[in-house]
Every structure is written in C-alpha cells, then in structure tokens.
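Asker: Take a look at the letters that make up each chain.
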Amino acid sequence: MTPTLQIFLIVSAALFSIGLLAALSRRHAIFILIGIEMMLAAANLNFIAFWRFAPKPHQPPVGVMLALFSIAISAAEAAVGLAMVIVAYRHYRTTNVDQLDQLKG
Amino acid sequence: MNGAAFIVISILTLAAALAAATLRKLMHAALSFAVAFVGIAAFFFLLGAEFVGLALVFIYIGAVAVLIVFTILLTRRDIEKDRGFNWSGVIIAVAVFCGLTWAILKTASLSIVAPHIRALTVKRIGEALMTSYVWPLQCIGLLLTAALIGALVLAMEEKR
Amino acid sequence: MVGLITAIIFIPLLGALAVWIWPQKNARPLALICNVISAACALALWRNFDATASGLQFVERHDWIPAIGAEYLVGVDGLSLLLVLLTSLIVPFAFLAQPMPRGSYATVLVMQSALYGTFTAQNFILWFLFYEMSLIPAFLLIKIWGGENRDRAATKFFLYTFLGSVAMLLSFLGIYLARGTFDFATLAGLGKNGLLTGNLAWLAFAGVFVGLAVKVPLFPFHTWLPDAYQAAPTGVSMVLTGLLSKMGVYGFVRLLLPLFPNQIRVVGPWLLVLAVCSIVFAPLAAWAQRDLKRMVAYLSINHLGYCMLGLFALAASPVVAAGVDAHAALSGVFMQIFNHGITAATLFYFVGLLEQRRGLRGIDDFGGLMQRTPLLCGWMSAAMFSSLGLPGLNGFIGEFLIFKGSFAVAGPFTAIAIIGLLVTAIVFARAMQALFSGPLAQSCSAFPDLLRTERLVIVPVTLLMFAIGIAPQFMFNIFNTTVVHMARLFA
Amino acid sequence: MNSGIITNLWLIPAVPCAASLAILSLSNARRKSAAVLAVIGQVFALGMSIFAFLPTLQTNSFRAVQNFTWFTFGDQALRLGFVLDPLAAAMLVMISLVGLCIFIFSIGYMAGDKNFVRFFAYLSFFSGAMLGLVLANSLLLLFIFWELVGLASYLLIGFWIERPSAAAAAKKAFITTRIGDMGFFLGMLWLYKRSGTLLFYDGGSGCLESAGLATLRASATFIALLIFCGAMGKSGQFPLHVWLPDAMEGPTPVSALIHAATMVAAGVFLVARVYPLFSLGGINGVTSSLTVVVWIGVTTALMAALIAIAQADIKRILAYSTVSQLGLMMVSLGVGGVAAGIMHLLAHGFFKALLFLGSGSVIHGCQGEHDIRKMGGLRRLMPVTFVTYAVGMMALSGVPFFFSGAWTKEEILRATEHWPRSHAPYFLMLAGVVLTALYMTRQIIYVFFGNSRVASERAHESPRVMTMPLIALAVCAIFFSVVLTPAWPWLHAYLRGEPAQFDVARLIQPMVFVSLVLVGAGIGLGIWVYRKAGAQDRQRSAEIDPLEYAQPALFRFLANKMWIDELYGRTVITFSWAAARLSDWMDRYFWDGLVRGFGAVGRVFAMLTTSVDEHGINAGVDETTAGTRGLGRLMSKAHSGQIQTYLAALAVGMLALLLLYAWLG
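Protein sequences appear in the order of chains W, U, E and B.
The first sequence begins at 1 in my numbering and counts up by one.
The second sequence begins at 106 in my numbering and counts up by one.
The third sequence begins at 266 in my numbering and counts up by one.
The fourth sequence begins at 757 in my numbering and counts up by one.
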C-alpha cells in the first residue's frame, strides 16, 4: 500500500483537531501553547505533503520553504508565549486561563 | 513510500499528540509533546524533506520542549492542580475533524500517489534561501531577534 | 460644473475639521456656514441638472485602487439629486433644533459628508466606504451625547447595522469574484440575466437584503430603531430618521432591485408580507407608546414601510407592472422618501421643543397646550397631519402614488396595508387629544409659545410641506426621467 | 360669461380658503375684521355660485368640465378637474346660502368666545373645502376635499378644546369617518386600476362615462360598495353613525352647518355623483350595491328615529334626526330616486340648519342649557325663535302643502313604493315618517309649551344678528317648496335634465293623503303622549318622561342609544387597543428577543465553554432573572475575555465557512 495525499491530509487534520482540543479544553496556559504548536505542525505537514505530491515539483521548493519559515515563526511564538505565561503567573499567581479575563467586554 | 512505515509513524504521532493534549500531569504532557514532534519529523523524512524534519527535531525537541519544561518548573506551584476539563472543546474539535475529513474525502483530486522527484538536497535549499527567499530569510532573522529580546524583556523580573 | 459633487462631499468634512479646531462658541455658526455653502452647491447642482436626460450627470471618474476595481466614481441622477437636496435641508434643520456640544457638530458634519457620498457614489467600494462612514458618527452621537439608555441603544444600533453591513460586503465580494466589477451601472445591466448562479445568488441576495433591511429598517429587523431614536439627542434623531433610513431605501432602489430581480420575484410575496407587517404593526406599537419620541420613531418605521411596499410590489409582481403603475409606485416611493424626511424630522423637532420646555416627553406629561401655546400646537398639528397623509400636505402625494402603484399589482397586500393609514390617524388623534386639549396642565402653565427663532426654523419647512402637497410638480420634475428610466430597467 | 365662470370655477372654493388663511394670520383681538373677512368670502362664494347656477338653467343636462393636470409622475399625468352640472350647481347655491346665514348667525352666537377669530378661520376653511367637494370632477379631487372637510369638522367639533368631552368627540369623529374613508380610498384605487382615470367626465373617456364604465364589469359592485363605505362614515350611516351625535359637542353653528346641512350630506352627494357606478349592470335599476345602500339607509333611518324619541339633549335629538334623514336620502338613492334624494338633501339643508340655529338660539337664551326637560314655555319669551322653529319642525315632519320637506319626502316615498325588490323599505319608511313627527312634537312641547322651568325662567329673545338668519332660513324652507311640488316639479326636472311642465292636476295625489294621515298621526300621538309633560310645573320638573313611565325598559334601551357605543367599546376598541399592546409587547420581547437570539449565537459559546464553570452558571442565572436587559449586555457575554472562548468561536467559524464552501459546491 502506498499512502496517498488524502491519507496525509487526514492525519494532519487529526493532528490539528487534537491541537484544537488541547487549546480549547485545558485550563492551563501551557496546554494552550502546546495545542497551538500542534496545530502549526499540522499545517507544516500539509505544506510538505502538498509539495511532495505536486505533479510537477516546483523549483525552488516552495512548500519546504514555507514549512521552514513557519517553523521559525512558531519557535518565536513559543518563546514569547511562554514568556507571557511566566509574566502572567508572576502577576496573577496563576496560569489558569479562566481567571485571566482582562479582555472581558 | 512505505505504507507500513506510514502506519507506524502515524499511530505513534497521533497517540503521542493525544497524550500531550489529555494527560493530567503537565510534565508528562510535555514529554508526550516531544514524542509527537519526533513523529512529525519522521513524517517529513518519509516525505523526503529530511532537512525540514531535522530542523523540526532541533527546534522543537531541542528548544521548544525544553522551554516548556523550564516554564513548567518556573510556575511549579500551580501546575499540579490543572483543574477543569471543558467538554465543549471536545465537541468542537471532533466537529472540526469531521468537517475537515469530509472535505478532504470529498475532493477526489487528492487521491494521488507521490510522483518520483529529484532528491531535495540541502544545497538546493541553501541556494533557494540565499536567492529567491533572501528577503523573507532576513525578515525571519529580524523576527527571531525581536522575539528573543521580547521574551527576555517579558520574562525578566521587574526591578522595583 | 465638474467637481461640484466632490465639493459637496468634502465641504462638510472641512467644516468638521474647522469646528473641531475653533473654540466652542463658534461651533454652531461654523457648522451652519458650512451647510449654507454645501446647500448652495446642492442648489447649483439642481439648477444645472438636466431634468430631461436619463442617466448620470456631473460624472467624475478617477482611478482609485484598480486592483480591486475600486474607482472614485460619483454622479447624480434624479434620485441622487433628490437625496442630496434632502440632506442639504435636514442637516441645517437639525443644527437649528437644539444647541449641541462642539463634538457633536463635528460628528454630524462628518456624517453629512458620508451621506452626500452615499447618495452620489456609483461604485460599490466607494459607496460602501461612505455607507460605513455614516455608521460610526451615528454610533458616537448616540453613545456619547445620547440620553437615557444610550449605551444599550448605541451598541444595539451598531451591532445591527454593522452586522448588516458585513453581510452586504461579503455578498458584494462574492459578486465581484464572479463578475469582476463594482460599478453600479454595469452590475445593473448584468442583473437582468442573473448576476450569479445557483445557491451563491441566493446567498448574495440574502446578504444584501439583510444589510439594507436593517438600515431601512424593515420588520422584523427594526428593533434597534426605537431605542436608537429615543436615546439620540433631538438633532441627531432628526438626521437619523430623515437621512440615515433613506440610505437603506436608496440601497434597495439602487442595488437590490436591479441586481437581483429574479430572486425578488421568487420571494416577492414574503417581502410584501414583511412590508405590510412594517406598515401595520409599527403604528399599532406606536399607539401603545408613552414616550413621544418612541412614538414618532415607530411611525417612521410605518412610513418607510410604504416605501418598501411600493418597491416590492413593483419588483415582485409576477406580471410586469404596467407603465402607469410602475411609474406611480416609483414616483410615490421617491416622493415618500423626501416627504418622510422632512415630516419626520419636523415631528422630532417638535418633540424636542416640548421636551426642552417640560423636561419630560411622556404623552401624559402635557395637557391643554392649545390654550397656552396655540402657535406651537398649530404648526405641530400641520406636521402631524402631513405625517398621517392628509391631502393638501406633502404626505398624501407619496402615499397615494405608492398605493396606486402597488394596488394594481399587489392588491390584497395593499388592501391590508390601508390599515396602517387608519392606525396612524388613531395614533396622531390620540396624541393631539392628550397634548393639546383638555384643561391646561399645571406643569405646562409657564410654557413659552414658539419663539421667533423657532418660528424662523419651522415656518419654511412647513411651507415646503404645503407647497409639495398642493403643487408638487417641481418635485416631480427632479426625478421623472429617472423614474421612466428605472421603470424600464425593472420591466 | 358662460366660459368665464367655467374656467374660474376654482375660485369658488379658493376664495373662502384664502379668507380663512387671511383670518388665521389675524391677531386674536381683531374680531371684527375676522367676521367681515369671513362674510365677504362667503358672499363672494354665494355670488359666484349663483353665476355658476345661471348657465345650467339655459340648457337641459348642462355639463361643463374644466380639467387640468395636477402633476406628472414618470411620463404619466395625474389629472384633476372641476365640473359644473345641475347637481353641483344646486348644491353650490344651497351650501353657500346656508353657509352665509350661519356665518352671520355665528357673529352673534360666538360673540363672547375668546377664540372668535380662529372660529371664523375654521368656518371659512370648511366652506371652501365643501364647495370644492361638490365641484370636483375627479374622484381624487373629491377625496381631497372630502378629507379637508373632515379636518374642518375635526377642528370645529373640538373647538372648545379645553373641554375633554369636546376633544374626545372630535377624535371619535375623525377616526370613525376615517374608517369609512379608508374604504373610499381603496375603492378609488380599484377604480383607478380598472378604468385608468379618476376623472368623472372627460369628453367620453371619464370613469363615469360609458367607455370608462365598460372597463369595470363585475368589479363595479365592489368599487361602489367601497366608495359607499366612505359615504357611510361621512353621512353617519349605521354602523358608523356613532360619531355624529357626539359631534354636537361643537358650537351650535358648526352643528348646523357641518353636521346637519352640508358635510354630512356629502356622503349622499357622493353616492349621487358616482351613481353610474352603483347602477352599472342593474336590472330594473336594482343592483347588489344599491340594495346594500337601501338596507343600510332603512336601518339607519329607523334606528336613529327611535333613539331620537328618548333623548333629552336638544341638539342630540336633532343630530339623531339628521342621521335618520340621511338614512332616508340613502334609501331614496338606493331605490333609484336620485333626484328625490338630492331634493331632500337640499330641502333638509335649509330646514335642518334652521332647526339647529333655532336650537342655538334657544341654548343661547337659556344660558347654555341643553336639556329640554329643563326648558319650557319659551313660546312667549322667544317668539321669533318659536315661529321659525315651528316652521322647521313642520318641514322636517313633512306637513303637507306649505313646507319643503313634505314634498321631497313624498317624492322619496313614491320612489320607494315602486322598488321592485321588496316592499319592506316602503312600509318601514312610512313608520319613519310617524316617528319623525312624534319626536319633533315631543321636542316642541318640551321646549316651547307649558310652564317655564329651571333654565327657561330668565330666557330672552336672541339679538337681531341671530334672528335674521333664522327668518331667512324659514322663508327658504317654505318657499323652496315652490320648485318642489308635483304641479311644477322644476327642481326634479332640473336635476334629471328634463324640461319641467306645469300641471295643477298633479298636485292632488294619493301620496299626499297618505302622508297627511301619517304626519297627523305622528303629531297627534305626540300631543297625546306629551300633553302633560309640557304642562308640568316647575316643582315636578319633568324628570320622568311619559314614555319612560309607560315602558321603562324600552326607554332605557333607546336613551342609551341602543348601547351601540358600549358595544363598540367592548369589542372594536378593546380589540384594537389589545392589538396595539400586543404589537408593542411583541416588539419589545419577541422580535427583539429573536434578533437577540441571533446575537446570542456568540453567547452560546460562552455558555457552552464555561458551562461547568461558576461564571457561566452565574451569567445564566443573571440572564434569566434580568431577561430584558439589552442586546449589548447580552452580546458582551460573548466577550468573556477568555482566550479559549475566542478560539472556540474561531474554530466554529472556520467550520461554518467549510460547510458554506461545501454547500456552494
């Protein structure tokens, strides 16, 4: 059996949904970050898969480039996000996002 | 492309990801997160994007996972009591998954197998980065620097 | 004369800037001077307008963002000119109604500029820009300078109209992606053979419909209106009812009817039901109101319902309306737009006067005013009779033509809508009884009658009502050619 | 001169209207100028009316129209016009003549009123509108003036605005007539749709000419009935008659002019004017629409006559009498006697105005007292009023030979007798004649005979300015019969457009004897029943009516106006007020709630994602307890401030887009 593009996309969708699950359901801020990272990874997987399955490979390899940049950006995001968790913890003495509702309208 | 390898990798990745999303203990979840990213990196290898896979391993397992662990340790007092689990998130996540899967399966043009391609060497990636993508690369560099400084400023103890 | 429209649009903006910069005490004169200039421009526009030529006049066309088909394209036909004139009339009227804080003068001027833009723009992106530009000042005026419950009313107003606008914008993006143009005239030409296909057409129709129906407002999207009009300061209520609601009607005439004729024909009876509901339920609700401002607000819904009745009857009839009916319905709608603008604004003006004198505006807070302030009562009665469609005053002309046109193609609906005329009369008869007759209420015994300044404001407007009611030809001259042109488009 | 008057017909309504405007701009103190202006306007109208009347005498079936374009909409023209024909000319003269008498009377009657100036402005305005109404050659123009006379009536009924009862009566009149007017409006729209024109006569293409009528076919019945709704409202026909007796709250000259002589007769005039619509396609002159007219008229005439017997207010008796006479005219039109109906209308205009002015004189003499049971013996104190009033009473009752009402009433009875469909209206109308004589006798006995009672002790005759119009009208009421008698039925012939022939032999007809017997019976019955009432002395002031003594239940039923007002109060008014409250409620809670429901889609996330959370539960409870807080508050619930909520909304939004994409294919 040779995996088709569909299978890859489904796996990626599953990964995305799990990330969404983590981001939506857990109360701890770090879980939200983990969820977001997973969703980004699912997107990266899509980039690579589409690049690989394209009938005529692009020159330069656009999918790979996008994935690389995306990884870099998500790394930056993770760093800032975690820093913010620490700041929020210092400020509110909690990392439970339920209690972080300063945006409340 | 090897079907058996694909199955093994996907089971590993998804199981680890699920564990990372649901395990009660934060530390365990962080470790599962690392494992899940190993799986994703494996996918990249499978797809012939070795360089990206390696980058993923370095960045996520080498840097992000470690950062997460550090953060967990820094906010130690709070972590053990991860209260509450919101079931509506599950519903939404499942719904999104179903929607995506349905859309993917509905699109017939996606059931194709991979063509044979020239191996993607690091040299080619380097050439691309230094020629067509040189401006994005510079921007990313700037962004990373800014993020680094930003994270530092944020995380530093305020001096009274 | 090219550049006149641009001048009309931008003079109020400059005026807003000036009002904002100069000190408080100059605000009102400045705002009025600016209005005199723009009114002079509007009159010049009217003078040079060729009433016999169909199509747009004074067109100005410049590239703006070619990538998305956005152009600076303004021009007027009879309908646009009518509304430009109405705007030039209502805004100074509102400024004269009550002294307002400086900020609100500036904000109203911004809104005026947006209104001029909306009524003259002939490209969707430009039109939408102005359309939205009027929304934010209105929101601020209610939110900052409003009365009781202003927060709630402002939020409600904003959410309703904003959601409506978003729906409309999305629809137009869909149309643009399918057809590649935002130009009104081009789109109207395409509309006849179906602008879009399949479900997308329905989606786009629904989006535009909801966006405009909220603005008019059409039953059941009207619930923001009583709150907003009630909370807004008098002058702002006048502008809201006199002009903002006209944007919705204008949108129906300019966009929905030409662009989606096939869709309207399918859902036509339902649209007529909505229009009839507006006409019947709104005055019934007005009857049950205590607050005069709210009462007038509900009657506004009723009067705009007549406009909708005429338009929908024309566009939805399974048989093509005969020339005389189509012309009657369209002319009636145009007349009604103008008439309702001045009449409803005048009514709000009077409610404002009563509120100024008494501090309250409940219908039972007054009594026996006729003995104390006969002039006020007399002129106010004229406005009320105009609103209830008494022949000899302006309201009758528009209503008669609308009913004439719509009865021929949608008889049963029109017959039910007649109830609206009756209930409106009941509402006003009740109001006149409560306010003017009976023994003089203690609390009203120190009321001054109409002051000289107030008379200077009210007499010209009322005379205009009489003029339109008795010899309306000068109004019809503005838009007759446009009516013929549009009727041909819809047929 | 002929064409001169035709092209200047518009001046007849315009001059009194202009006078009204001029008076309105006068200050309150300039009473004399106001009265002079009003009278000048009216004299001018009368002169013009007579000038207009003259050419119509020259040829039979004279008809001249003057049409003009009011405005053009699109490329269509809306045309209006004035018409001069015998119907219009006769009405013009009657209205302006009666109007002039009443204007002069008002100068005396309203002398003490502080709003004297305003009164004359309204009165002139009314006169102008009414003259315009009869001249209109377009249903639309007729409708316009129709509404304007309605407005004048509203203003004048509520003239003593500080009285709550006057204001209420004005409102009632305005709304009740407007109910009918809406039917009229609808009928007009329908007619316009079918025939494409609203001009009555337009060189063969008008809607009352054969070409126009041919386009109507079956819809003519409905159009006619809808237009009749308007006539019912204006002419106080059952079931819309309730406003007319209440309208007596207005000053008496107003009652005389508007609610007796002219405006209320406009309904009859309207039916006569558009008679071709009613009679279209009839067999022997019977159509469904005319049958409806007959039965409405019969019901109204009898009901009002019965109620009049048990009323105590002098003006109310006359008001019900007016309603009854209008019913009679409707019957006449319905059975085909158009000329008879209009003749009665004209005659009625004179003698009913006379009666009302007489009652005004009585009220003036009795210091504003309206209750006939408190008057009495005025015969000696107010001789002029008495004599003129008696003339009016006999004209109204239809005493034969000398009084105009008798001849017109006979004419109507003759027409009714030959109605092919049923004889019931004829006999019921005969009963109506008896009743009319009865209640008028009762009134005369109470007011003018017997001893003086509370209100009439210090009564005095009214000034000359008031008695002169009375005498003038009394003379009119008598001498008008010259043109009515069967011996020389000039008016009848004039209205029908035939030459009149003189033939003394026709003077004696069986109908004269029938009516002599009936009127004699009515008056005799009245004298017999009320003989003691007039003689009652002041101690036993006549509180108990002889009829009440004999038939208390019946009397209560009639005195309370058959409880029709109460019935309407309990049904129509309650229902519509409930509808108003319901609409308001629906608006506040249901529609608003529905739309809030849309907005609450966002809130559903908030509730869902925080369902296990105390916050969510709290919010829910808050929400239910304060269920009516605004949308803003509710929408802000969606802004829970929690990232996860926003994220969930994003996810759902994405899902929705996905589904949309799939749906669009």
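In case anyone wonders, no lab produced these hints; they're calculated from the structure.
Among the clues, some could well be false.
What follows is a set of in silico ranges between Cβ atoms, one per label pair, in the way DEER data are often shown [what the hints assert, rightly or not]:
1. Thr226(U) x Arg326(E): 43 to 49 Å
2. Ile330(E) x Leu1338(B): 46 to 52 Å
3. Lys870(B) x Ser708(E): 21 to 27 Å
4. Arg293(E) x Val849(B): 55 to 61 Å
5. Asn816(B) x Pro534(E): 31 to 37 Å
Quantities reported herein were computed from a predicted structural model and do not represent experimental measurements.
Ideal Cβ placement from N, Cα and C applies to all residues, glycine included.
Asker: Compare the structure with each hint and give your call.
Answerer: The hints, checked one at a time:
1. Distance hint for Thr226(U) and Arg326(E): a CB-CB separation of about 55 Å, inconsistent with the stated range 43 to 49 Å.
2. Here the CB-CB span from Ile330(E) to Leu1338(B) is close to 51 Å, well matched to the stated 46 to 52 Å.
3. The hint said 21 to 27 Å for the Cβ distance between Lys870(B) and Ser708(E), and at roughly 23 Å that hint holds.
4. For the hinted restraint 55 to 61 Å between Arg293(E) and Val849(B), the CB-CB distance of approximately 58 Å keeps it satisfied.
5. The given range of 31 to 37 Å is broken by Asn816(B) and Pro534(E), whose C-beta atoms sit roughly 53 Å from each other.
Hint violations for this structure: numbers 1 and 5, all remaining hints satisfied.
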